[in-house]
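Novice: Chains as they are written, first to last, in the working numbering: chain A, 1 to 397; chain B, 1001 to 1187.
In short, the hints are calculated from the structure, not lab data. Remember, predicted model here, so these are calculated numbers, not experimental data. It is possible that part of the hints are untrue.
[To be verified] Examples of chain A residues toward chain B, derived with CB under 7 angstroms: (1) V163; (2) T165; (3) S185; (4) S209; (5) S224; (6) S229; (7) I250; (8) T252; (9) S253; (10) S257; (11) P258; (12) G260; (13) S297; (14) E340; (15) V343.
[Unchecked claim] A few chain B residues facing chain A, derived, Cβ under 8 angstroms: (16) I1126; (17) D1127; (18) E1162; (19) R1163.
Glycine included, C-beta positions come from ideal geometry on N, C-alpha and C.
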Amino acid sequence: MKYLMAGLVLAFSGYSSEFMQMTPVGNECIPVSMEMSGCREASVALDQLEFDIDFSGILETADRGDGYAHARCVLSGRSGNYTLSVDVKGAEGEALLKKEYSGSSWQSLVHRFADEFVYLLSGEQGIASTQVAYITRNNGSYSLRVRSLDARPPQVVISDDEVITTPAWSPDGENIAFTSYRNGSGDLYLYSFANSSARRVVTGGLNTSPAWTPDSRYIAFTRSVSGNSDINRLDTASGDVQQLTARSSIETSASFSPTGQQMILTSDRVGYPQLYVMDSSGGTAERAGFAHGYCDSPSWSPAGDRIAYCARVNGEFHIFVMNADGTDIRQVTTEGTLNEDPVWSPTGGHLAFSSNRDGVRSIYLLELNKLTVYRLSSGTESYCATWSPVTIQGGIQ
Amino acid sequence: MVSCYYSGRDSMKKTVLIFMCCLLAGVGAGCRPDDTDTDSGENPDSLTFIAEDTLDVGVWLDDTVTTYADELAEHQIALNDVFFDYNSEDLSAEMLTILMADADYTMNNQNFRLLLEGHCDARGTIDYNLALGERRAQSVYDYLLNYGIPASRLETVSYGKERPFVSGDDDWALSQNRRVHIRVLPE
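Please model the complete structure; the sequences and the hints are all you need to start from.
Specialist: What follows is the structure, encoded as structure tokens:
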């Protein structure tokens, strides 16, 4: 999705102190209406469905009669065993979709229908059924949690009194790579949803910030040894580790392009952290942006057209998005003083990031068509989000 | 040494390597992987965890709480941490004085090792701070090594900003977290 210049121009006052704000993409959403009856959860299920539709950025809720389609839904059953029956008709009354969804959680059924409704009318993939994993920290205890896009409590995947950090969900949905200090320094682990267990894959030195190739086979990560940090690449099939950068400067925070041919990374070779693009096999890295004094945590969009990253502005840290060629830099966050670790949703229409805007660091999701913000985590300090693919092997069912 | 394991569970996968790994039973901060260990099939590490019936919850085995012998506790109290300016791993003149006293003490008391933990304040990003903490730990390591403390008595680790000492975002709290914490380990 390309975003439009909305014609807003901010005056630049001095060196890089003000940036153009991110504007809503502003695509027209397809209006639809819906109703839900049935068991006592029907009312909150309708709220959930309306949220899923609006947060898609593709469809939007409308009054009955104003939409291109109307969905009549009936939720039946009780805790642990629900059925959602939907009957979708077009504006002329033509039958579009008639289907039943069954499962143990009504939220999952609503999400599945919302994604199908979005696809039915737009041909585009929705993200209502996706999940976001993140790290929590509370009084010296750390955990890796997975949360669906609703009010259900997160699933605690791993918890420990030693540091857990920098998780990364594999594109095939089967594993989450993460760093654990369980054995004294940061080792890289893979949590497998199928096995419900994690195994260590890299040790020796400090191994952090894993990033998967699109085929889920390789993991680029940062290896810090004897005061130096470089990008390495693990072949999860063979177990081989190859060093990709060999510089005395800090090289960290790699993110692959959607073809896997290139990566973007952070390097402080000029004295302060900046973004660089490099072939995935290593070699010369080219600087990817010149507008900031400090940038880190780049994330390449699923379509390959944009980079999200974190930059320091007037002493604060904010999320930015720019084109992959470094042009059209937009500031995404303005609230809070510490906004970091942006990651794209699998369809590229949303960003997840952490922010301290409400006091304690929390995970926020941003829909880019209308710039709607949704707070995903609650209470405990939460950071380091990673987004599931659209089809998930494990996670919350 | 770097060791990597892959467990193929799908018949379509070409590689079928199964290494069983057992978690090294930790006994708190006193038990760290020996630098000379190489990971091989005979010294496996894996995770055991407790899964509750109804939830898919993984919980790591609890560490045995480290209780220092009194003497080690004395050493810990005698050694002072080293602090840093924002975004820097340089040792100021004042910090060099502190470090020299720490080095002197360490040379004169032999029955412990040191773990140099690099830490950063909450500003700055997670990724970069992990690397900066590594540099800070290395700065202190290099100083102590040059002073004459054998490498066998020194280890480094970086926590970046993942394990702060003080919470809060006022200047004092931030400055308290920009440090190398010198932790005493049994020899």
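Novice: For each hint, tell me whether it holds in the structure or not.
Specialist: Hint check results:
| no. | hint | in the structure |
| --- | --- | --- |
| 1 | V163 | holds, 5 angstroms |
| 2 | T165 | holds, 5 angstroms |
| 3 | S185 | holds, 5 angstroms |
| 4 | S209 | holds, 5 angstroms |
| 5 | S224 | holds, 4 angstroms |
| 6 | S229 | holds, 4 angstroms |
| 7 | I250 | holds, 4 angstroms |
| 8 | T252 | holds, 5 angstroms |
| 9 | S253 | holds, 4 angstroms |
| 10 | S257 | violated, 18 angstroms |
| 11 | P258 | violated, 21 angstroms |
| 12 | G260 | violated, 19 angstroms |
| 13 | S297 | holds, 5 angstroms |
| 14 | E340 | holds, 5 angstroms |
| 15 | V343 | violated, 12 angstroms |
| 16 | I1126 | holds, 6 angstroms |
| 17 | D1127 | holds, 4 angstroms |
| 18 | E1162 | holds, 5 angstroms |
| 19 | R1163 | holds, 6 angstroms |
Violated hints for the displayed structure, listed by number in ascending order: 10, 11, 12, 15.
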